[in-house]
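Position chain B relative to chain A; hints supplied.
Here's the letter readout for the chains.
Number of protein chains: 2
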Amino acid sequence: MTAVLLDSLAAIVGAANILSGDDVTSRNVDFFSDETCQGLAIVRPANTEEVAKVMALCHQHQQKVVTIAGQTGMVKGGRAAADELFVSLERMNRIVELDPQSRTLTVEAGVTMQAVQEAAEAAGFFYPVDLGARGSATIGGNIATNAGGNRVIRFGMTRDQVLGLEVVLADGTVMSNLGKLLKNNTGYDLKQLFVGSEGTLGIVTKAVLRLRPAVKQSHVAMLAVSEFASLPGILQRVDEELEGGLCAFEVMWQEFFDCIAEAYPDKTLPLPPGSAFYVLVEQLSGDDGERLQQVLMALYEDGLIEDIALAQSDRQRQAIWEIRDDVETISEQLGGVGIGYDVSLPIAEMDDYINTLKANLAEADSASRCVAFGHMGDSNLHLAIAYKDNSESDKLEIDHLVYGPLKNIQGSVSAEHGIGLTKKAYLPLCRSDAEIGLMRGIKQVFDPLNIMNPGKIF
Amino acid sequence: MTAVLLDSLAAIVGAANILSGDDVTSRNVDFFSDETCQGLAIVRPANTEEVAKVMALCHQHQQKVVTIAGQTGMVKGGRAAADELFVSLERMNRIVELDPQSRTLTVEAGVTMQAVQEAAEAAGFFYPVDLGARGSATIGGNIATNAGGNRVIRFGMTRDQVLGLEVVLADGTVMSNLGKLLKNNTGYDLKQLFVGSEGTLGIVTKAVLRLRPAVKQSHVAMLAVSEFASLPGILQRVDEELEGGLCAFEVMWQEFFDCIAEAYPDKTLPLPPGSAFYVLVEQLSGDDGERLQQVLMALYEDGLIEDIALAQSDRQRQAIWEIRDDVETISEQLGGVGIGYDVSLPIAEMDDYINTLKANLAEADSASRCVAFGHMGDSNLHLAIAYKDNSESDKLEIDHLVYGPLKNIQGSVSAEHGIGLTKKAYLPLCRSDAEIGLMRGIKQVFDPLNIMNPGKIF
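Going down the list, the protein sequences come from chains A and B.
My numbering puts the first residue of the first sequence at 1, with every later residue one more than the last.
My numbering puts the first residue of the second sequence at 1, with every later residue one more than the last.
Chain A with its partners taken away, still in its complex shape (with noise of 0.2 Å):
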């Protein structure tokens, strides 16, 4: 049965495009674990012909399939059992069109983000949606996961970006919508359905993504500040005088910045530790960077930020955002943990919200260690802990303190990776038993027969 379907695969796609044994377990699940590949093969179909013959096939042997991207995920979205077929779209990596007067890029799902950045940025444009993966994390994968990143504030997530999908169902009928509309209200919108789906629904393979006007220049700062009460007000105030221009508002919580100290001892950082709070700034503006330092100023002088080091170079800027980026450094210095927990609340719940989370985790474990961090002006937060032993029945009890709070004010186990797999017992924490009920029910209709990428999410 699975010779017959593998073969008839090869017959669609070429023998050369189904991978097996070692080319499968070569590979990792994600970036972030050890744990290798076991599905049964990976398909790599050429174009969105291939896809929709792929899954027609599948469909008629119920042949259960994973979708797999740039293999950057963080919740095991990407795990396949060993009769589960992955479908990869790593040879669909095509820029299909830029249109300088919609101001779209069209592209097949395959592109990486980088390249989508690249390609926005030699018309003289910019594709917004950045973070640390974008040389693997492919378009496909960000619509799948609706990526996030750093520039969430001002941009959007990759929702925000997509104008137009074409997308493969489980049957392998081909939904094209590819338009450049911004403004288009004709019936449900499917495509939201499909951003954050986590290839439940689907395989996305084509998207029309909206690009921005080129950005100019970048002016970075680094503020001090020594209560949680202040940082709204700054927020407000900062994105306020920057009328737009703000794009990154992200928190280090003091544990943050003590790691990074401890790690390199002999490195001149841009402000002494100490403080209860970093926070790095950033505005993406053709000015000459004179409105933020005023603000910024005026902040001081109002007693609300203790110390600011503004950037004066390219340099200096990068040495900022390399020490928000630098989360390898704080897991080597937790022990090697993860920095798996992503999670939103309110702004105004956070600061409670961390300390009773670290006097929980204190009181079971007093050399317990919390750091948190993330994009405060998105409502989300990072958090890296090291916890007794670190062990699997350890990450239990952390999931537990971590998650279980954020019922009671509305906050969500995931801001930015997903539900996948590690965090699907929690979905019930921040989705009603109703909204779970109808996650179902699209479920049903977009995929009767529960081929694509079952188990995951709920």
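Note that these hints are calculated values from the structure, not bench results.
Among the hints, a few may not be true.
Unchecked claim - Pair ranges (Cβ atoms, derived):
{"no.": "1", "chain 1": "B", "residue 1": "Arg91", "chain 2": "A", "residue 2": "Ser432", "range": "21 to 29 Å"}
{"no.": "2", "chain 1": "A", "residue 1": "Gln294", "chain 2": "B", "residue 2": "Gln293", "range": "19 to 27 Å"}
{"no.": "3", "chain 1": "A", "residue 1": "Ser432", "chain 2": "B", "residue 2": "Ala11", "range": "55 to 63 Å"}
Note that the structure is predicted; figures quoted are calculated from it, not measured.
A virtual CB, placed ideally from N, CA and C, is assigned to each residue, including glycine.
Just chain B now, kept in the frame of chain A:
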């Protein structure tokens, strides 16, 4: 049966909140027609609990329900048959909470757009969606239709302002997700389905809206442009120079300006008539208007702009906007036709599309007139058309000429007004069978008895 149901409804909301007879028929289905409401009664619940009880009862009785809001729609989405029941949230018009830290406003769905704008402003914030019917249109209606308006290019449509929703489903289940989170990737984003669903999937009872920093000043200019081919470049250059400050890029074809000039021969217009295109540009910013002036001067020197009128006062600013907004005069000059055509199409196709449309109209009626204008920056055009006797059968001919060509250029028959009843026949021009099939499947999941605004959209 009906009497029993009405008694039971009265027991839920109070007899005074069941309107019937003249209290129903004295209302118009929408602002732009004389069609009066024909439903069984108007039920006016006071809170979510009452809405839930009303829907549970209607579900039990398989009673069809049409939710009405500000009744300012354009596509008969709020028309009810004689045996259908209106539910109005006009008593649910409270501002629930303004959270300055999360920069959100939580409201009941019956609150007007204007009340939301005012509540935001009073707290030093800005709610960006705006349209002429702001005093009547409610947030519930805005969400049901994904209202757009004049500032979409910068701030997006209503969809982009909605962070959380509370919805009563067809069977009376309350689905509440009133989180204040910018980022929340936890399964399918169900709220996106309700936005733009025109009352067919549930009744939105509350919403969490995203607020923006207060806006300081408006700079407005009107431009005269001789060639369509110059417009995309002007848009791109202005948008780039204003760095996110561009809020409106409204294009009026020559006939629009001619109509205004004809109607007010004694009025001093900001620019002389006779140019092929007029553009209203608005920047919202705290700067002194220097940047807008500079980029416009540069475009003038490059020969892309024929003439510029830069508003120097609030009065002048208002005068320019009044021209763009004066669709009533356009309608009158064309003999009282409606302004119901609201299409979107790629900018690159607009010139050909309008020229072909005019030629086709003129072929059948040499005295026909076609006035095009709209939010070019959003790919959205409105059309006012005088053709033959403007009879119902003439309108069908216009429909075919306006909507027909959109299919091949991946345009949309409804940029912002929705589908309702009047555009239902044309939905297949911009949505495939596969898409409409999925919409029907979703409808079946949310409303298996088909009692929520039945027969609308598809």
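Now for the hints, and whether the structure bears them out:
1. The hinted window of 21 to 29 Å between B/Arg91 and A/Ser432 holds, with their beta carbons roughly 26 Å apart.
2. Take A/Gln294 and B/Gln293: their Cβ atoms lie about 22 Å apart, and the range 19 to 27 Å holds.
3. The hinted window of 55 to 63 Å between A/Ser432 and B/Ala11 is violated, with their beta carbons roughly 28 Å apart.
Going through the hint list in order, the structure does not satisfy hint 3, though it satisfies all others.
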